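Asker: Listed below are the residues making up each chain.
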Amino acid sequence: MTATISEVRNRHEGTKTRRRNVLLRVFVASWLIPFAALLSAQQAPDRTHPPQPGPPAALKLPAIQKQKLSNGLAVWMVEDHKVPVAQVNLVVFSGTANDPPGKYGVASFTAAMLEEGAGSRSALEIADAVDYLGADLNAATTQDLSAVRLHVPVARLADALPIMADVALRPTFPREEVDRERQQRLTSLLQGRDDPPTIAAVAFSRVLYGKGHRYGTPQMGTAETIKTFTSDDLRGFYAATFRPENATLLAVGDFNAATLVPLLEKQFGSWKAAATAASEKLPAAEQPTSRQVFLVDKPGAPQSQIRIGAIGVPRSTPDYFPITVMNTILGGSFTSRLNNNLREVHGYAYGAGSGFDMRGGPGPFAASAGVQTDKTAEALTEFFNELNGILKPVPAEELARAKNYVSLRYPSAFETTGDISRRLEDALVYHLPDDYFAKYVQNIQAVTAADVQRVAQKYIQPGRVIVIIVGDLKTIEPGIRALNLGPIKTLSIDEVFGPKP
Amino acid sequence: MTRAIFLVLLAAAAPAFAQPAAAPPKIELPYSQFTLPNGLRVIVHEDHSVPMVTVNMWYHVGSAREKEKRTGFAHLFEHLMFMGSGHVKPGEFDEWLEAAGGDNNGSTENDRTNYWINVPANSLELALFLESDRMGYLLDTMTPKTVDAQRDVVKNERRQSVENQPYGTAQVVLGEMLFPQGHPYHWPVIGYMEDLTAASYEDVVAFFKAYYAPSNASLVVAGDLQTAEARRLVEKWFSDVKPGPAPAPLTIPGVALTSVQKKTITDRVQLPRLFLAWITPRHFEPGDAALDIAADVLAGGKNSRLYKRLVYDMQIAQDVNAFQGSQQLASSFQVIATPRPGHTVAELQQVIDEEIRKLQREPPTAHELERAINQIEASFYNRMERTGGFGGKADQLNAYYTYTGNPDWFNEDLGRYRVLSADDVSAAAAQFLPLDKRVELTVEPEKKP
Chain A
318 MTATISEVRN RHEGTKTRRR NVLLRVFVAS WLIPFAALLS AQQAPDRTHP
368 PQPGPPAALK LPAIQKQKLS NGLAVWMVED HKVPVAQVNL VVFSGTANDP
418 PGKYGVASFT AAMLEEGAGS RSALEIADAV DYLGADLNAA TTQDLSAVRL
468 HVPVARLADA LPIMADVALR PTFPREEVDR ERQQRLTSLL QGRDDPPTIA
518 AVAFSRVLYG KGHRYGTPQM GTAETIKTFT SDDLRGFYAA TFRPENATLL
568 AVGDFNAATL VPLLEKQFGS WKAAATAASE KLPAAEQPTS RQVFLVDKPG
618 APQSQIRIGA IGVPRSTPDY FPITVMNTIL GGSFTSRLNN NLREVHGYAY
668 GAGSGFDMRG GPGPFAASAG VQTDKTAEAL TEFFNELNGI LKPVPAEELA
718 RAKNYVSLRY PSAFETTGDI SRRLEDALVY HLPDDYFAKY VQNIQAVTAA
768 DVQRVAQKYI QPGRVIVIIV GDLKTIEPGI RALNLGPIKT LSIDEVFGPK
818 P
Chain B
17 MTRAIFLVLL AAAAPAFAQP AAAPPKIELP YSQFTLPNGL RVIVHEDHSV
67 PMVTVNMWYH VGSAREKEKR TGFAHLFEHL MFMGSGHVKP GEFDEWLEAA
117 GGDNNGSTEN DRTNYWINVP ANSLELALFL ESDRMGYLLD TMTPKTVDAQ
167 RDVVKNERRQ SVENQPYGTA QVVLGEMLFP QGHPYHWPVI GYMEDLTAAS
217 YEDVVAFFKA YYAPSNASLV VAGDLQTAEA RRLVEKWFSD VKPGPAPAPL
267 TIPGVALTSV QKKTITDRVQ LPRLFLAWIT PRHFEPGDAA LDIAADVLAG
317 GKNSRLYKRL VYDMQIAQDV NAFQGSQQLA SSFQVIATPR PGHTVAELQQ
367 VIDEEIRKLQ REPPTAHELE RAINQIEASF YNRMERTGGF GGKADQLNAY
417 YTYTGNPDWF NEDLGRYRVL SADDVSAAAA QFLPLDKRVE LTVEPEKKP
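Chains A and B supply the protein sequences, listed in that same order. Every position in the first sequence, counted from 1, becomes a number in this note's numbering once 317 is added. Every position in the second sequence, counted from 1, becomes a number in this note's numbering once 16 is added.
Note that these hints are calculated values from the structure, not bench results. The structure displayed is predicted, hence computed values, not measured ones. Check each hint, because a few of them may be wrong.
[Unchecked claim] Below, computed lysine-lysine pairings styled on BS3-like, alpha-carbon distance capped at 30 angstroms:
id : chain 1 : residue 1 : chain 2 : residue 2
1  : A       : K420      : A       : K817
2  : A       : K756      : A       : K420
3  : B       : K278      : A       : K420
4  : A       : K377      : B       : K42
[Said to hold, decoys possible] Short, incomplete list of chain B residues facing chain A, as computed with Cβ under 8 angstroms:
id : residue
5  : G117
6  : A137
7  : E173
8  : Q391
Quick reminder that beta carbons are idealized off the backbone N, C-alpha and C, glycines included.
With these hints in hand, go ahead and build the complete structure from the sequences.
Answerer: So this is what it looks like as structure tokens:
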């Protein structure tokens, strides 16, 4: 993509002539189509070089209006008048990483219970009211946040906000609903054992972080913990974390901010914290010191699910931009090395990639793919070829492509109300600077080949990784052993998930 | 990274839109339309909210056009469309787009194949160049080696989405049970492994010549653009694409089930699952919209009849879903439910049948009907938020154009729901969901040796 400027100009000049001819052709063709085809062939546009881009459009960033309600609850609003809808999120800055030891899964269970009884409404009444308004209301967690999110036609926003406020501020945690949710969760954990990508992901986290670190257990927790939670456990976690000083309200959509604020004040302005805040600190996690391979048997599986990686970085890393570019080259886009190698060159997989899961604490880095069973060992070799290859200097054209891919489409990250609200959530949860969005493109473009090599060598260490392979061991194990990647251990499904629910 | 999302028979019904009974704000999607001399139909829509544009191409061919022993070919062909063309070497399609900040993908269904390219507005011409080059000059660079490479990728797509996917084979078997041998919905969009093995370079040439002529396609260009300039660029890049023959219309006799077709298969799963399926009216035909509402009354949300009884009250099911999968040659209505540990599909089926019979006898309440229509109306707004990609405004304009001849069919589509009465819903359930003419498929966990 390094065509010269002169080529660009030539093509623009040429366009004028062709344009006239095109119009003529349309006229003729409407009478006599076969002749038009002949003419077209003669006057085809110059296809010898791809058209070069015109001047880039300026990034239009949404204006964020920041206020506080009378109880101190911060409110961020973005007016977006494209479609008559609104997105309103209450974001609480505590998530599954704040689960106390022995209570893994309590944050996730607590969020799930918010819609199962709130204020004077039952679970069925909440669902009926929300559905009748044509709204979506849900509560969910990540490692770093809990959120109640409402999306609704703006004409029904005023009707939906009181329901949202009940759910977010006045959950009742009825015992019979807790038991109902418990059975749902236990069954869904059981079903996780069916799905090879899920088994691989859970095994990878467990081996990498261990039982003692929160990141080593699924956000939902284990069958053991899920069985123990009482209404009081959930109420306790709720009271300690859902507090105005630990939350922000986001609103994005087709409203007038001055008109919306009184509605928000009415529903959220008298919210007071009930108990004292609590917070769990994540222990430090230790990197693997050597390469270790873990196998999980899935008899008869036609593909092997592979995860290779180590502990990565927190979202606050100063290396965010170089890592983003480096990972784009390694496994973050269609033309990335992993996808190109494993899919396009060798055909071992439908797709392959890599990613840094950046959280409050250092989340995992993993390269991953599902590869056909009889090519498992060959695919592993190619994975390591690419993990080693990224440690070497990156060619200029590949670097430029990755930087452009990440940065030039950045405007589309602000297209929908949901997109914008997610950007705002990130800014709040990870304390991004005020000019973060405005400087994003230039920060990506500033990354050099030396930066990429430095972060690759720092964060990708192919000799110190965990390798997880979920597949048909009787077919794949001999080939894996022959690679001599390192010590090999076989994990049972129960070792991955804990005892069967 | 999913180039090739294929929806086996149960393509969720095309976006269904409605407006509230009171003060309905009319949905406006201004567009302009023209046809090139080679027969390519073009639709242009402006949306200046973000500086991006999308190029969305639909070819009116899907797996229903495949020949026996060559199933899965339409989808394999879709993969080949990204492998370069006369003036684009292998790899350059994706490299050039990524270097411009663009994304792209494609998908194949029974009745159509679609492709989209999203790029920053200043790279519209690059997207049109690439899209036109593969329409005009695909075969110039096609080789048997390219076919082999994507054949391996597609086989892995099948392994990932069917064989290695819990319950993944059920939808393949369901299609085979619903539609007789020889009917083009009998085989899965992803195809059978042996047919993918058999697909040849010569098949690629023949398929391209038969179905990829400009007159068998429609193009939507949308986003932060000026209509006149977009038209000029489309004319510049697509006018040299040679016209081709129009495929003969696909004439498939109507099909109907005459009895209960029952089968049990096994899979590597913890819990059984029940699939009930009917052949139902085609997309946009009478009964199609009423069955969308019936699906919502039965299994949409916590207060729906089946969810409330099976999951909420009795707690004998982990999940229950129902949908009308609307398609061009025939639709299918499905109810899918998974029993909780310790419960059986027979217990679930008994309750499901009771509720279907009840819906056939008594119309839904006014509240149930309004709740369903309000949600359909809201989904319309939600689908107006994004311009590009799968399901964006450009894709919807192309879908309506392909299936109705009118890109701006949003208000007409919503009208199909607004005119429905509660009696229409129960009448559709009675007419189209007979308990004695359907498919009953059970997936049971494999017994451990």
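Asker: A separate judgement is required for each hint: does it hold in the structure or not?
Answerer: Against the structure, the hints:
Under the criterion of a C-alpha separation no larger than 30 angstroms, the hint pairing K420(A) with K817(A) is consistent with the structure, at around 18 angstroms. A distance of roughly 40 angstroms separates the Cα atoms of K756(A) and K420(A); the hinted pair therefore is violated under the 30 angstroms criterion. Between K278(B) and K420(A) the alpha-carbon distance is near 46 angstroms, which puts this suggested pair outside the 30 angstroms criterion. With a C-alpha separation of about 27 angstroms, the suggested pairing of K377(A) with K42(B) holds against the 30 angstroms cut-off.
For G117(B), the interface hint holds, the least distance from its beta-carbon to any beta-carbon of chain A being 2 angstroms, beneath 8 angstroms. Interface hint status for A137(B): upheld, as the beta-carbon distance to the closest one in chain A is roughly 5 angstroms, under 8 angstroms. The restraint placing E173(B) at the interface with chain A holds, with a minimum CB-CB distance near 4 angstroms, inside the 8 angstroms limit. Look at Q391(B): its Cβ gets to within about 5 angstroms of chain A, closer than 8 angstroms, so that hint holds up.
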